[in-house]
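S.K.: Given the structure of chain V, go ahead and fit chain R onto it with the hints provided.
So the chains spell out like this:
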Amino acid sequence: MTDVLLNVSGVSKRFGGLQALSDVGLQIQRGQVYGLIGPNGAGKTTFFNVITGLYAPDSGRFELAGRPYQPTAVHEVARTGIARTFQNIRLFAEMSALENVMVGRHIRSGSGLLGAIFRTSTFRAEEAAIAARARELLSYVGIPHLADYKARTLSYGDQRRLEIARALATEPQLLALDEPAAGMNATEKVQLRELIDRIRRDGRTVLLIEHDVKLVMGLCDRVTVLDHGKQIAQGTPAEVQRNAQVIEAYLGHGNGHDATAAQEQPA
Amino acid sequence: MFGLMASPHLSDHFPLFAAMFPNGLHTPLWIVIPLAALLAGVLGVLLGAPTLRLRGDYLAIVTLGFGEIIRVFMNNLDHPVNITNGPKGLGQIDSIKFFGFDLGKKLNLFGFDISSVTLYYYLFLVLVVVSVVICHRLELSRIGRAWMAIREDEIAAKAMGINTRNMKLLAFGMGATFGGVSGAMFAAFQGFISPESFSLMESVMIVAMVVLGGLGHLPGVILGAVLLAALPEVLRYVAGPLQAMTDGRLDASILRQLLIALAMIGVMLLRPRGLWPAPEHGKSLPAKGDAP
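One line per chain: the protein sequences are V and R, in this order.
Position one of the first sequence corresponds to residue 0 (numbering that gives the first Met the number 0), numbered consecutively onward.
Position one of the second sequence corresponds to residue 0 (numbering that gives the first Met the number 0), numbered consecutively onward.
Each hint should be verified, as a subset may be incorrect.
If you want the footprint, here are the derived chain V segments under chain R, 3+ residues with CB under 8 Å [claimed, not checked]: (1) 17-28; (2) 81-93; (3) 97-105.
If you only want the chain R side, here are some residues facing chain V, beta carbon under 8 Å, derived [unchecked claim]: (4) Arg54; (5) Ala145; (6) Ala155; (7) Ile161; (8) Asn162.
By construction, these hints were calculated from the structure, which means they are not laboratory data.
Small disclaimer: the values here were computed from a predicted structure and weren't measured.
Glycine included, every Cβ here is placed at the ideal spot set by N, Cα and C.
In isolation and in its complexed conformation, chain V is listed as follows:
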């Protein structure tokens, strides 16, 4: 019996005259790495922003771990158990790497103003626990030596890792990564792949948006392909790769007179 973690159906979103998403849905099993791919402008990030509450959907049903949730406020979604990273890295640039991860512990801790002002023993214990967990996570993603550096000064690949550590700090049920491999070199991609593999082995579910088809095909258990806001295929990577519609979306029509389309193949 499978255990559905995220069940989303009938999601539509319109920006003015552009139908960015029409009737998109997907089901993610617990413990899977789920890939969401599609050509540029297919609506991947829009879909992502909708399920994490950044954009209000025009319609759609959302269920996390069997409980319906309304993606109306971003911070509520994070509390519900979906943590995300951003396509264009959004770290807290002037804060140290450790502090960045500590911010992620915000919703899993509860001390307030008075506790902080009077330094109560509960407050001190909680702070110590937050810092310890944050260091643990930095080691987990492989950058423990950078804890005291400002996020701004980290290398690109390390910033990506830090963002993942920060998202993991919220103890999410679903970790949603928006193009984590974008702009990475080959070595960094291999390391990223190992990291995501490890996150899956440790029992977390991952939703992965990616441009790099090779990475997705090697890593994901299931894949959904979007094109022009519509879902055109769904299945295991091998199935999707053989799907005629997917090939058409990526390569253009196969009837010979559309020679330019073949050059537009991403990645």
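M.R.: Using the frame of chain V, we list chain R on its own:
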């Protein structure tokens, strides 16, 4: 920080209420301070609410504007019901008394006379230390981190589950609370207060102190405040000789302002992040980000 500018204007009048009402309802200090803090905090939140969507410079402009609105409002609040006594201000405010000491009178301690002003000086010094400690502790707390996160990147902060609206209102309330307490102290020290005690110039000076010292770095802000408070006094002695050289054609006060302006322009050109900004590398303790 910005909430502070708007609300002292209001909260300052609070002890006066107490002092004025039926011929001196001499409210003791222990009630006035929490009330002033609470009232200022609540008003800070109320003023903060409409500005939640603003950021940076725009927020600063709006809060300074609020400060002016409230000053003018208070200035005219002498009719139909005379609450603030308008521009005439409120006088004869009780001095601060606690543990049987009256800070308004000379204190005779072991044969030494300690004047009232000196006593207030030490009281205020203690309060400054207390507020610095509070700020420092907040900076290193879950709440301080949330504030910093909002300052750095609001969307990312939300994605981390931080309720940015509540955290911003809390920042406003906190800033205003400091303002409320210090306002109450100021009123008791001066014994007189009117809306004109809090002109736009005061608010601008406070912003200048923060920016000059180093935005988001506690020691820097303190340095900025000390410098801007002390600089006019030091420059007074520079202005004197200069004035003599020009046969008194230079107005001393204008000259002083001019020198301050020059000093500030110099600082901004040479150290755009402030005199003592947060450290760049290594063990960094950036920012009390209470100005969202």
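S.K.: Evaluate each hint against the coordinates.
M.R.: Hints and how they fare:
Under the rule that three or more residues need a Cβ within less than 8 Å of chain R, the assignment of the region 17-28 of chain V is violated, with 0 such residues. Check on the region 81-93 of chain V: 8 of its residues sit with their Cβ under 8 Å from a Cβ of chain R, so the three-residue criterion for coverage holds. By the rule of at least three residues with a Cβ nearer than 8 Å to a Cβ of chain R, the coverage given for the region 97-105 of chain V holds, with 6 such residues. Restraint check, R/Arg54 versus chain V: the minimum CB separation of about 15 Å is more than 8 Å; hint violated.
For R/Ala145, the interface hint holds, the least distance from its beta-carbon to any beta-carbon of chain V being 6 Å, beneath 8 Å. Taking 8 Å as the C-beta contact cut-off toward chain V, the hint placing R/Ala155 at the interface holds, the least distance being around 4 Å. A least Cβ separation of about 5 Å between R/Ile161 and chain V falls short of the 8 Å threshold, and the interface hint therefore holds. With 8 Å as the threshold, the beta carbon of R/Asn162 comes within range of chain V, its nearest partner Cβ sitting at about 5 Å, so the hint holds.
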